[in-house]
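Line by line, the protein sequences give chains U and P.
Number 99 in my numbering belongs to position 99 of the first sequence; there are no gaps in the numbering.
Number 84 in my numbering belongs to position 84 of the second sequence; there are no gaps in the numbering.
None of these hints come from the bench; they were simulated from the model.
Fair warning: there could be bad hints in the mix.
To be verified - Computed beta-carbon distance windows for the label pairs: (1) Ser51/U - Arg63/P: 15 to 23 Å; (2) Thr53/P - Ser30/U: 19 to 27 Å; (3) Glu17/U - Gln18/P: 24 to 32 Å; (4) Gly62/P - Lys55/U: 39 to 47 Å; (5) Lys54/U - Thr20/P: 21 to 29 Å; (6) Ser50/U - Ala2/P: 27 to 35 Å; (7) Gln41/P - His73/U: 39 to 47 Å; (8) Glu82/P - Gly16/U: 20 to 28 Å; (9) Phe69/P - Thr111/U: 21 to 29 Å; (10) Gly16/U - Arg15/P: 48 to 56 Å.
Stated by the list, open to error - Which chain U residues stay away from chain P? Per the calculated CB distances, all over 12 Å, these: (11) Asn2; (12) Val4; (13) Ile65.
Said to hold, decoys possible - Taking beta-carbon pairs under 10 Å as the criterion, some of the chain P residues facing chain U (in silico): (14) Ser33; (15) Tyr35; (16) Gln44; (17) Phe45; (18) Arg55; (19) Gly58; (20) Pro61; (21) Leu81; (22) Leu90; (23) Phe105; (24) Gly107; (25) Pro108; (26) Gly109.
For each residue, glycine too, the CB sits at the ideal point set by N, CA and C.
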Amino acid sequence: KNEVEQSPQNLTAQEGEFITINCSYSVGISALHWLQQHPGGGIVSLFMLSSGKKKHGRLIATINIQEKHSSLHITASHPRDSAVYICAVSLTNTGTASKLTFGTGTRLQVTL
Amino acid sequence: KAGVTQTPRYLIKTRGQQVTLSCSPISGHRSVSWYQQTPGQGLQFLFEYFSETQRNKGNFPGRFSGRQFSNSRSEMNVSTLELGDSALYLCASSLWSPSSYNEQFFGPGTRLTVL
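Build the full structure now, drawing on both the sequences and the hints.
This is the structure in structure tokens:
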């Protein structure tokens, strides 16, 4: 079983829809990261969370440490949001935040 | 402020050869991490460098090595290339402190193809 599980694996939405991507982890973490990867490979860090909730524009990320679960929400989705969204965690037993363990990603396609 | 840069962006090598990839972090960032991304295994941590010292290493064979220079630029080297080493190699830089966790900024990656 992977230490980081994401769902769904693939998601198709129409423009304007509210989107939720889920991430569950099974180990102790120091921080959770949401990353966005567009075709071509470049990765952008969207959020880094250790508790609570963060918002940036139309993106909202939440984390529940007790339940070992995080969600990424996209409000009023747009075709430019089409990308792969990756959840990654910094494990508490590695001594460094930079050793990320990744989920398999959620491929989002937003259509007109 | 310039982002993380990686060179070269694309590389084609043959089995048995070796390759060196370069990463220049964001100015002021002293931590550089390397990751491998393949369709089968996804993203995996290779190693992390801070102040010219390897601080952590992932589960990769000794053919994968790296180093960091005094200006924080980092290189990774893969010797005796295998077909399975074909991947996107990403580096990321961050500020680093022993007591907090910092956002990582990723470079565009180097796509390595081994024939």
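Going through the hints against the structure:
no.: 1; hint: Ser51/U - Arg63/P: 15 to 23 Å; result: violated (40 Å)
no.: 2; hint: Thr53/P - Ser30/U: 19 to 27 Å; result: holds (21 Å)
no.: 3; hint: Glu17/U - Gln18/P: 24 to 32 Å; result: violated (48 Å)
no.: 4; hint: Gly62/P - Lys55/U: 39 to 47 Å; result: holds (44 Å)
no.: 5; hint: Lys54/U - Thr20/P: 21 to 29 Å; result: violated (38 Å)
no.: 6; hint: Ser50/U - Ala2/P: 27 to 35 Å; result: holds (28 Å)
no.: 7; hint: Gln41/P - His73/U: 39 to 47 Å; result: violated (28 Å)
no.: 8; hint: Glu82/P - Gly16/U: 20 to 28 Å; result: violated (47 Å)
no.: 9; hint: Phe69/P - Thr111/U: 21 to 29 Å; result: violated (46 Å)
no.: 10; hint: Gly16/U - Arg15/P: 48 to 56 Å; result: holds (49 Å)
no.: 11; hint: Asn2; result: violated (9 Å)
no.: 12; hint: Val4; result: violated (10 Å)
no.: 13; hint: Ile65; result: holds (14 Å)
no.: 14; hint: Ser33; result: holds (4 Å)
no.: 15; hint: Tyr35; result: holds (8 Å)
no.: 16; hint: Gln44; result: holds (7 Å)
no.: 17; hint: Phe45; result: holds (5 Å)
no.: 18; hint: Arg55; result: holds (5 Å)
no.: 19; hint: Gly58; result: holds (7 Å)
no.: 20; hint: Pro61; result: violated (18 Å)
no.: 21; hint: Leu81; result: violated (20 Å)
no.: 22; hint: Leu90; result: holds (6 Å)
no.: 23; hint: Phe105; result: holds (7 Å)
no.: 24; hint: Gly107; result: holds (8 Å)
no.: 25; hint: Pro108; result: holds (5 Å)
no.: 26; hint: Gly109; result: holds (4 Å)
This entry does not satisfy hints 1, 3, 5, 7, 8, 9, 11, 12, 20 and 21, going by the numbered hints stated previously.
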